[in-house]
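Listed in order, the protein sequences are those of chains A and B. According to this note's numbering, the first sequence is numbered sequentially starting from 2. According to this note's numbering, the second sequence is numbered sequentially starting from 19.
Keep in mind that the hints were calculated from the coordinates and are not lab data. Quantities reported herein were computed from a predicted structural model and do not represent experimental measurements. The beta-carbon is built from N, C-alpha and C at its ideal position, and this holds for glycine as well. Treat the hints with care, as some may be off.
To list a few chain B residues with every Cβ distance to chain A over 12 Å, as calculated [claimed, not checked]: (1) Ala108; (2) Lys190; (3) Arg234; (4) Leu302; (5) Val458; (6) Glu486; (7) Ala506.
Derived DSS-like pairs: lysine-lysine, alpha-carbon spacing no greater than 27 Å straight-line [claimed, not checked]: (8) A/Lys640 - B/Lys261; (9) A/Lys191 - A/Lys132; (10) A/Lys640 - B/Lys275.
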Amino acid sequence: MRTLLALIILCFLGAGAFAQQKPAEVKIRPIDAKEAAKISWTRDVQPLLQAKCSECHSSDERKNEFEITSVETLRTKGRKDGPGVLPGRPDESAIIQRIRGQTMPQMPKDRPVLSEDELHLLRMWIAAGAKDDSGGAAAAAVSVATATTRPAYEQVSDPLAKEILDPERFAACEDKLGLLVKWREARIGKLKAMPSVPKVEGETNNSLDHFIAAKWETDARDKGQGTRDKGPSPQPSPLSTGARGKALGASDVCDDSTFARRVYLDVIGLIPTVEQTQKFLNDQSANKREKLIDELLGRNADYAAHWTPFWEDALGSGVVTGGLRARGNYQEWIRKSFEENKPYDLLVLELVNPRMSAFAKAAAGPQAKSLTPKDYILTKNHAETLVSVSNASQVFLGTSMKCASCHNHFLNSEWPQSRFLALAGLFSERDMESIRCEKQSGRFIRAAFPFPLPDLPVTTSKARLQLLAVSLIDPTNPRFGATIVNRLWKRYFGLGLFEPVDDFRLDTPASHPELLEWLAQDFVRHGCDLKHTIRLILTSRAYQLGYDPALEDHFDVAKPMEPRFFRSPSLRRLTAEQFMDGVKIAVNQTLSPSARLFRSNNSTALSRALGRPAARGEISTGRPDDVAVVQELELLNGKEIHSIVYGGKTLSALAGDQGRLDKIYLAALNRLPTDQERSIADEYIRTNGASKEVIGDVFWALICSPEFQYIK
Amino acid sequence: MSQTLNRREFLKAAAAAGLGATLPGLASASPKLTPTADSMVLIWLPGGIAQTDTWDYKKHTPYETNMKGSQMLGTCPALSTNVDGITFGAGLENMAMVMDKGTLLRSLMSDTKFGAIHLKAQYYAMTGYIFPSGVRAPSIGSVVSRSLGRREPNVPPYIYIGRDIDTSDSEKLFISEYLGPGFYGVNHAPFMIPDPAGGMSTLYAAAGVGQERLDRRQALLNSVYKAGPRALNESSKAADYMKVMADARAMMDSPVKKAVDFMKDEKPEVIESYQGEISKDNLLDKGYYFGNRFGNSLLLARRLVETGARFVQVEYQYGPFKGFDMHENGRRRMEEMKRQIDRPIGTFLRDMDARGLLDRTVVCIMTEFGRTIASEPAAGAEPDGFAERHTGEKLTIANEQMFGFHGHFSSCNCMLFFGGGFKRGFAYGNTAPTHPMVAVESPVHLIDALATIYKALGIPADHSYVTEGRPFYVTKDGKGEAILSLLA
């Protein structure tokens, strides 16, 4: 009988006009305060509202003048309702009344009602105070609504802030470098305390190892927990620290040869010569690894040479003719900046807003032109502006916003289009029109910086680029420091603490959130000195672990929550530059700085096959490590590689040298051959005759072997 | 893809569809397509061909001193093709006799006005995306080769003939990028054959390295690897690298090598029939002449299709202010260019058809934009969109150098398709009889023209691959719609 009644009601519900009068019932459940406290806005509530409500209540649609994009907007009143969310009072909140149909029309309008679980989740979150755990991510948009139309430098009272934000006063300052450093120091004072370094039992070189080992320990405990139920723990107490590392599933520290090759390639982009290898292997001092790291970091020109192609790719450096408007060629500026080890924040400042350069004076003279970065932010028209902004966001904020150029980011609710356009408005010095999927709206988005920073305005009526540049590099900007230290981590370990490195987002945690925060703060507190952080990473025990494929971490974009442990570095393919320069050192034992590949304007079939871009119309922050037939054919038969290998200056001498095998292995792989390797190569040379060509064959085989091609 | 699909759903769908796999994943919301073609030859004629002097003929208006721009509708006499209702400009006699084998699209539009910028227009033509697109967009050849893979085991899926490889010229470097695989990566890069006479040099052991020594050396590499560090022997990355090395060696025994030997295999009269009909001495600009490269390229393309190539692109190498990029003396230059391309293309299509290869091969002829009248003899820098609306009323053709279609015209342009399921002896769309000669009937967006080609090859227009955690479609935003009228 009851079923029949329900059926009849259902029929009526489907019948349109009448149905609108009667809400569909969604049952409510009693709220447990403890459970309620666990509900997260970013993890639970925001995705739910995004899925159910954003079609009508996004920042673009705003039906009933109500939007669900942030906690702030939810707390405002709709045109016909009271506040959407009243913290602590779920059942008085308009959004709950709408969902339950206590106010009609019931929401979501003309869509299935929310499930009991979904409603309960919302009520729990509101009951627990409707807390915003997004780190103010979406709050910026709201702050703008209430912001004044005054210039940023009039909105602050601190004299230092006024000087920094006012272009005229800044321009008048004689010692810009001093001013900027002073400002950085003042801003560092606003940082929250650094995460505490965890205590661990195993062997560590520095604080980084504590964070890394702590995760191994947690993992071992968790696993131990799992096995305890099934029987006694199989792990006896470890005696030595090395065994302790093993017990925690990590690889051992790598041998000296592997370390030398790895650190040479990582710091200066070159493999060591035979002499350099032997010098290091024969060094008996206990701190020889640290000594080598410092020596390499001190080779300023070589260090800069290795960084240059990375930043050329990332900035899209290089002029294209044929009428294409393009960014500048930044090669010399990048090289020189890294040679001088400019503080990273001031380097970015100079690029984004050249008028704020702390180094412009030093760059005067005949070289001034190539040492001043120009046209990085192009804002001639809407499309060009958006490309500039999404490039800069990707590179310096590790935040992929391209999707939000044309519409709300489908895959990342953190980036509604309006938030992106607000940022673009600062770059372009004018409010950006909301143009959605190529349709103009006539609606202009008020410029604003997307991450509210303590005691800094989010918007300004003029001198926008000034505010943008200051905010971008601010020590308290949550993504600026984290992005670069994460890049460094990826550069030296093969994977970032956060992945993908260009797409920081709130719904995915870093593999070691405290370590990332610690590193970012430590970097900023040390004056954004890249070499400081690089040294920290390279001297860590974690960096010096041996490669073990069974322990190697992997990142799969489909499984972003999978943990990474860094028990072994990841195998990394050499870049085209590392490879070509390395081959030349292997066979010639010398390489003049001007002969390094990054200096060449010529693009060849080989360099392209190895992943060096022919042009840099689109930016990129990482070279692919793909292996392909077209590339291997270049290695097998290409004229370019052939002439380098067989034209090697050391070949003839080696042909007549009895100790040649050791030398060849040291030259190509920076280690001595094993007995088996010795006999294989020996037999090849004996069978075919010790000619220059045959020695070339042996070099070719070593150079084409994975041990040369990858950093292990 | 619906706009409400969230990231998790998207990733789930992506994983289910095998996105990112190198094998034909063909992830798409559309039903499976039945291909009418297995391979494609793209004849790429960059520079911006004056459509009114070639495939979309209007009227012969001979030069008169001080004639108005609006009076200049065609610089050459009409030429009947073997299809009723399709008229070419004179100088395309060979192509006119194969028009019965294909479809002429007269009303191809661009989504934007490129103004003076060839490179942007070429990027757009070759990728379907406007530069900068925020992503390194893959070229048509890379889309086809990635989506469909190799047709024969040892035949590269994307072969590019007729373009210099090593260069430091920044314009050529940019071109190399958009003809390449973009974010697809080097696995989907073209195998370059700069000059057919030189073949694909990396398929041959370098000078002085005989086949036997090459194999000995490769065996040494394998032994060195196996005897090397245990960790690398257990690494799947290192193992994959060695596998590809073996694959590269196998490619050296590829039938492509045989195809490249056309000078030995083909009769002299066949080789001759593929050649252009003008010698260097008769050219206005003797610096822009590539000998028999274009004809040989088409002959090689035919042999590669026979051998099992998936996608072959043949280019008449672009040179700014050269060839089809005519900014003065348009009449004479056009005559010369037609004599360079007409017989090679005509012979190629006849040959392809006679051998039954057109049944399952799409041949497409493309350029980056059309042309119109221009106010200057060498109009290299007209403001964006200016020429697009020009009627020519205010333009005086003061001297014979100005007689020709020297203005860039992004608004309309032609494209031709032969075989592979396209209609035979068919023309689609119409354009205005006077300037500006925009499409007045059945305008077609490039995205839809590309979707039509992809449909013939069995690739859905919303097929996508993931980059930066999001789908990137083979036609812009996955929205291309095949023009069914073009297909048989």
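How the hints compare with the structure:
{"no.": "1", "hint": "Ala108", "in the structure": "32 Å, holds"}
{"no.": "2", "hint": "Lys190", "in the structure": "8 Å, violated"}
{"no.": "3", "hint": "Arg234", "in the structure": "7 Å, violated"}
{"no.": "4", "hint": "Leu302", "in the structure": "23 Å, holds"}
{"no.": "5", "hint": "Val458", "in the structure": "24 Å, holds"}
{"no.": "6", "hint": "Glu486", "in the structure": "6 Å, violated"}
{"no.": "7", "hint": "Ala506", "in the structure": "34 Å, holds"}
{"no.": "8", "hint": "A/Lys640 - B/Lys261", "in the structure": "22 Å, holds"}
{"no.": "9", "hint": "A/Lys191 - A/Lys132", "in the structure": "23 Å, holds"}
{"no.": "10", "hint": "A/Lys640 - B/Lys275", "in the structure": "18 Å, holds"}
The structure is inconsistent with the numbered hints 2, 3, 6, although it conforms to all the rest.
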